[in-house]
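Taken in order, these protein sequences are the chains called R and B.
Each residue of the first sequence is one higher than the last, beginning at 1 in the numbering used here.
Each residue of the second sequence is one higher than the last, beginning at 1001 in the numbering used here.
Calculated directly from the structure, the hints in this document are not laboratory data.
All residues carry an ideal CB built from backbone N, CA and C; glycine is no exception.
There may be inaccurate statements among the hints.
As the list claims (entries may be wrong) - Every beta carbon over 10 Å from chain R, so not counted as near; a handful from chain B, in silico:
#1 1009
#2 1040
#3 1053
#4 1082
#5 1090
#6 1122
#7 1138
#8 1166
#9 1210
#10 1263
#11 1293
#12 1540
#13 1553
#14 1554
#15 1559
Said to hold, decoys possible - Examples of chain B residues toward chain R, derived with CB under 10 Å:
#16 1433
#17 1485
#18 1555
#19 1557
#20 1561
Letter by letter, the chains look like this.
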Amino acid sequence: MSVQIILGEGDQQVVLSSVAGWGSLTVTDKWDTGGSGPYEATWEMTLPPMRRPKGLDTNVPCVVMVGGCPRFAGRVPDLDWSAGEFSAIGAVRESEEAIALTAAGLTTATPDAAIDAAIARGALTWKRRASLSASTIAADGDETDDQFFIQALLDAWADSVGKRWAVNARREVYAAADPTTPSWFVLPGAGEFGTDTDLMVGKLYARYKKNTTGDLGTVTAGAGLPEVAIDLTGRGTLTQAQAQQVLNGIYTKASKQKNFTNSLELNATQILTPGGLPARPYRVRAGQMMRFLALRDERNGKPYTDIVLGETEWDAEADTVTVTPIDMSNRDLESFVEEAGGSIVS
Amino acid sequence: MATDLTALPPTSLVLGSLDLAGTLPLEDGQPYRIGVVGSDGGTSWGNPEAVVAEVVSQLLDGEIATITGFGNREIPISLIVEPVDAGADDAGDALAQGEAALVAQIPDGTWRNTITWQPTVPGAQPCVWDVIYGHLEHTLDDLDETLEKRRTYTLTLDCFPWARPAQQTLISAIPNPSSSAAAIASSTVDDCTAIGSWQPFANTTISLDSTGGGVRGKADNSRYAGLYRVAAIPADPQRPFLRIGGRMWFNYTDTDGNKINGTIKIHLDNSPVEVTPISYQLTAGGYWSAVLYVPDGVASVLSVAAWAARDNHNDFAVVQVNDLTLLGTTGYSGTSRQQARTIPVIGSCRTEAAIEVKSLDADGAATPLGVRTMVYTAPASNGFVAPLRADYRTAGQPITADTAAISGAVSTLGAVNEEWQIPANTLPAGTYQLIARLRATAPGAQGFTTTATTGLDDDATLSDGASATDTVTVDFAYGNTWDIYQIAELDLPTLKVDPESTATLTVTLAAANADVVDLDEAWLVRVGEDGCAVSLVDTSGDGVSKLVIKPASVAEPLPSMWVGHADDDTHDIAVGTRVIWWGSHQFKPGPVTVFTVTSESDTAVTSLRYYERYHTHVASTVLPAGASRVDEQASA
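Construct the entire structure; sequences and hints are all you get.
This is how it looks when you write it as C-alpha cells:
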C-alpha cells in the first residue's frame, strides 16, 4: 500500500517514513451521534532516545494519505515518542471543545453561524462547503441561556432533521441521512451477525416546556408496554413539532426489536464493488451501506442483510477492515434519551 | 587495500574485506589464517523465510495464500583460525589476533557489512549478501588447540534475504535525441494511402486494400490478420522513434469500431522475437498506436499482425495501418513533458530501485524540471492508462492549443463535460485516483464531479450497470496558476468485464462552476496495488533540474527524496516540505512502466538504479543499451 502519515503543515511538514519506520496503522471511522467521519488513527513507531523530529509539538496536524487522496485528517494531541504508540484524533472531534458562539461572541443555536465563527477564530480546522442549516434550532431566539459545544449543537440539529453530521478526510463538514443503497457487497461465507431481541420500549411519553407559554406539554410516540416517561425540559423551550421530532428520534432508535451483537473482520477478497470487482478495504468507511449476500436478515427475513456501517476500522498492515453495524445491541434507552438531551422519569 | 569483489578466485568467501576461505594473498605481516569448513562442518547459505498471508477465499476445499514478503536469511559458517607459522613463539597471539579480526567484521545492526561468495563452478558470478548483524561462537577443543594450534568457531550472520551482484545496475530510459526534440518535425515514412510496399500474410484467404483511411488486410476464417511492409526504413539520428498506428476489428462486417478486441504483434526484419514497444496504447474503437525505438532503422521488413483475443470460428480478422511516422521524441501523448517509458528490472526477486529524473539539454546542461514533477510506476503488464486528454478524449469543451501545456492543449470546463473512453478490459481492477492539472481564474474553492460508467457501445440494455461517482472540492490558492490536484477516487472498471469484452469505460468530469477552471491534462493512476505508486514533488525554483526518489534499502532503511542539479551529483539536498505525495514505488522483476510529468522540461530522462536481486546465486545478464554497472552511491 502506498500509505504515508504526514505530521505538521507547510514548512513544518514531516513525512513520517522519512524519519523512522512505522507500522500497525489503523484508521477508525464512525457514523454515529456525536460527529462522524474519520475518528481515530493509531500507529506505532520507535525512535532512539535524543532523536526527535524538530517542529512537531502537541496538537500537531496529522494526515494519512493513500496515493494523492487523504484518508484521515486530524491532530495528534500528545506526541509520546518514548512509548512509541501514537494516536491521532479526527478533525470531527474538535467540535467537542469548540463553543457555539457567533462572530460577536454571543451564544448561538444556528449551525452555520456557529461553525463559521469557530473556523474564523481558528477553533475548528474545518471547511464548510455547503450549508447545514442557517436557521436556529432554539424555539425562542437564537441566543441561548447556556453555552454549549458545537458537537451538542450539531447533534441536536442533525437529530431534528433525521441526519447525521460528519467531517471527512478533507476536513469538510457535511450532513447526510443513512444511505439506502449498498456501496459494497460481501460474498457469502464472510461471517454472520448475531442479533438479540430485547424489547426496550412500547409507548414513550415526553414532557417538554412549551415555547409559547412556558407551561409543560406532552408528546407521545409508539404504543403498548412498557410505557416510559421522559423529561425533555432540559432542552429548554420547544415547539410541539420540535418536541415530537426529538421523541420520534429516540423512539426510532429504541424501538428496533432486533439489534446486532458483533462486528466482522473482512479482507480484500471478500468485499466487492457494485460492479463485482474486488474492493480495497481502505475504501470501506462508516456511513456507507454494505450488503451481505446470502446472509438472511434476522430483522426482516430478507435473503440478504443490508447494514449501515456505524464503525469501521481499517488495518493497513493486514489490509482488512472490521465493520460494525449502526444497530448494535450494546445501547439502551437511557443512552438514547441522554443523547437527545432528556432524562428518564422513574 | 580494498578487495575487488567482482574478481575473486573461485571458492572465495570474504566477509567485508576479511578472507574467510584462504584463497586471497595474506596481508603484509598477517600472523593468522582463517579457513572455512564447508557444508560438512555445518556451513550453509540459509534460505529466506516467506511471510505468508492467508487469503480467505470462497474455495470449498484447499486454501489460497499470498506471500507478502520475505524475512532475513541466517547464514551459519564454520571456521578455523590458525597461525601462519604454527611453530612460532607467538602462535597463541596470532590465534587471538585472528579472532579479533573476525569480530571486527561482524556488524551489530548499527552498521552493515557484506559477505561475498565466489562459487567454485567456472563462470559463476560472485554472490553478495548484505549482513545486518551476526555473532561468533567458539567451540573449545583442547586437543585440537594443543596439538594443531588452531581454534574452531561458528559465525552466524543474519542477512538480507536475496543475493546480489557486487555492483548496482543503472538503467537509463532511452533519452530523447536533443533538447529541441519537441521541435523536430515528425517525418512520415508511409502515409498508408496506397498499398505500395505492403503485402498480406499468406495465412488464409486475405484481401488487401487501401480504403477506409489506411492499408487494410482482411483474413477470412482466421483468428488473425497480418500485413508486412517490404521496404527499408533508414536510420535517422534525429528521429530514432517509429510510431505505428491503426485499427483492428474482428467478427463483424461493420466498420464502426464496435465489437473489437485483440492485440497487435510487431516483428522487424523477419526476427521471430516480437518487438516490445516503448509504449503501446489501445483506445476505444480498436484504434492502437505503438512507439518503437529503431535507432538503426529497419533493414527490410516490418510486419504487423492483429490477433483476436479468442478464436473467431468462421469469421474474419482485419488489421489496418494508417500511420507510420518517425519521431524525434517519445512524447506520443501531447508533449514530451509527459513520458511513459518501459524500463527492465533485471533479476529474479523484488528489489528496491532509486528513480532519478534529470532534465538535460543536448549539450548536457541542466534545464529546470518545472514547478511540479510527478512520477508514477506500475508493472508494464498492468495496463497503463495514464494520460486521458491526449489519448482517450471523446467529448468536452473546445480545446485550444497551448505550447506551455503538458498535453499541448487546454480546455475550459463548462457546458459540455469532459469525457474520456477507455476499453474496459485494458484496466486492471482496482482503486484509481483521477489526477488533473488545473487552473482557476481566481483563488477559491471549485467543485468537480467525476462519474464512471461501463457499457457495451451497441447494447443499451447492458450499458446501465453500476457507476462510480466522486465529488471533490479543490481549494485554489492562486488565480491563473497551474497545479496538479487529485480530484476523484474511483473503483474501476465499474463492472467486472470479460477479458474479451468490448465494453467501454466512460469517465466524465464536470465542474460545478462553468467557465472558470481550465484543464490541461488528466491522469488515471492506480495506487496501492501490485506495486503501483504515484509521487508528486514541488520542483520549483532554485534551478532544480533533478529529482531522486530513493527507496528504503539495507544501506538506508528509510526512504528519501532528493532534488538537485542534473549536471552535478554532489549537491543534492533531501526534501521534506517539497513532498506533496510520496508513493512506495516497488520493483518486481520484469519491465516496469515509469511515467513522468515534468511541468516545464521536454527533455527529462528517467533512470533506475538498483541491485539485481537473486534467490541465492547471481546470474549474469547482458545489459540493455545504455545500462551500466556502477558502485553503490553513498548518500549525499
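Of the hints given before, which are not true for this structure?
3, 15, 18
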